[in-house]
Amino acid sequence: MAHTIRIQAEPFDVAAETANLTAERADIGAIVAFTGLCRDEGGRLVALELEHYPGMAEAEIDRITEQAEKRWPLLGLTVIHRFGRISPGEEIVLVLAASAHRTAAFEAASFMMDYLKTQAPFWKREHLKDGTVGAWVEAKEADDRAMERWA
Amino acid sequence: MKLVYFAWVRERVGKTDEDVEVPEGIGTVADLVRWLKGRGEEYEYAFENEGIVRAAIDHVHVKPGASIAGAREIAFFPPMTGG
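Protein sequences, first through last, are from chains A and B. In terms of the working numbering, the first sequence opens at residue 1 and continues consecutively. In terms of the working numbering, the second sequence opens at residue 1 and continues consecutively.
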């Protein structure tokens, strides 16, 4: 199955990525797109800074993608994860899951996000409105539980 | 072997990476953490709660009991918060 994995500092274009996935194909009946955005947390943040582990980030997302391909009859999968400084309103992550029918696409996209949040080596740090660098974002137990439901 | 650190583990240790000669008898990730904690207070601080810090060997997640034999690069980092 065709899949695209990119780790990049630059923004991405959901429409262009979707067009890449469907180009010259007539078998895809469903695409579920998830875009994760940077929030300002009630006006508290001016940016999130994302640190990642180069090399492992790609390898781990590749392994997560392989698991999704084994579980669902996917016809395409795109994962783009940004790093560096990201302002509120900007996108952080994109998952596009393509299948013949919607259920596989919905479930695979959800699975990919639950695994990305807890297994892909990225760490967020807050940059605050007063100009100071805030805390590293703490991992949420709810995210671990969301991942465990796929076990 | 090469050790690499990320996020607040990196900040507490005070370096992004280092090459270390691990003494004989250090067989697992948990052994390595115990040995590192004896090297200085910055490591003591980084690994003060051993249950929190995660590890990867050659880009693959591992548990504390994993063998470090043959490892080229071992990474230590906090629970991940991407996505």
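FYI, nobody ran anything at the bench for these hints, they're computed from the structure. Model, not experiment: these values are computed from the prediction. Careful, some of the hints might be misleading.
Heads up, simulated DSS-like pairs for lysine-lysine below, C-alpha to C-alpha not over 27 Å straight-line [claimed, not checked]:
id, chain 1, residue 1, chain 2, residue 2
1, B, Lys63, B, Lys2
2, B, Lys2, B, Lys37
3, B, Lys15, B, Lys63
4, A, Lys70, B, Lys2
5, A, Lys129, B, Lys37
6, A, Lys140, A, Lys129
Covered stretches of chain A, as calculated for chain B (at least 3 residues, CB under 8 Å) [what the hints assert, rightly or not]:
id, segment
7, 36–46
8, 116–122
Glycine included, every Cβ here is placed at the ideal spot set by N, Cα and C.
Verification of the hints:
1. Between B/Lys63 and B/Lys2 the alpha-carbon distance is near 18 Å, which keeps this suggested pair within the 27 Å criterion.
2. Taken as a hint, the B/Lys2 and B/Lys37 pair is honoured in the structure, with Cα atoms around 17 Å apart against an allowance of 27 Å.
3. In summary, the hint linking B/Lys15 to B/Lys63 is supported, as the alpha carbons are separated by about 23 Å, within the 27 Å threshold.
4. Of the pairs offered as hints, the one joining A/Lys70 and B/Lys2 is violated, with about 34 Å between alpha carbons and a cut-off of 27 Å exceeded.
5. For the suggested pair A/Lys129 and B/Lys37, the alpha carbons sit about 36 Å apart, so the restraint of at most 27 Å is broken.
6. With a C-alpha separation of about 23 Å, the suggested pairing of A/Lys140 with A/Lys129 holds against the 27 Å cut-off.
7. As drawn, the segment 36–46 of chain A meets chain B at 1 residues by the rule of a beta-carbon pair under 8 Å; below three, the given contact is violated.
8. Counting residues of the segment 116–122 of chain A whose C-beta lies closer than 8 Å to any C-beta of chain B gives 7; at least three are required, and the coverage claim holds.
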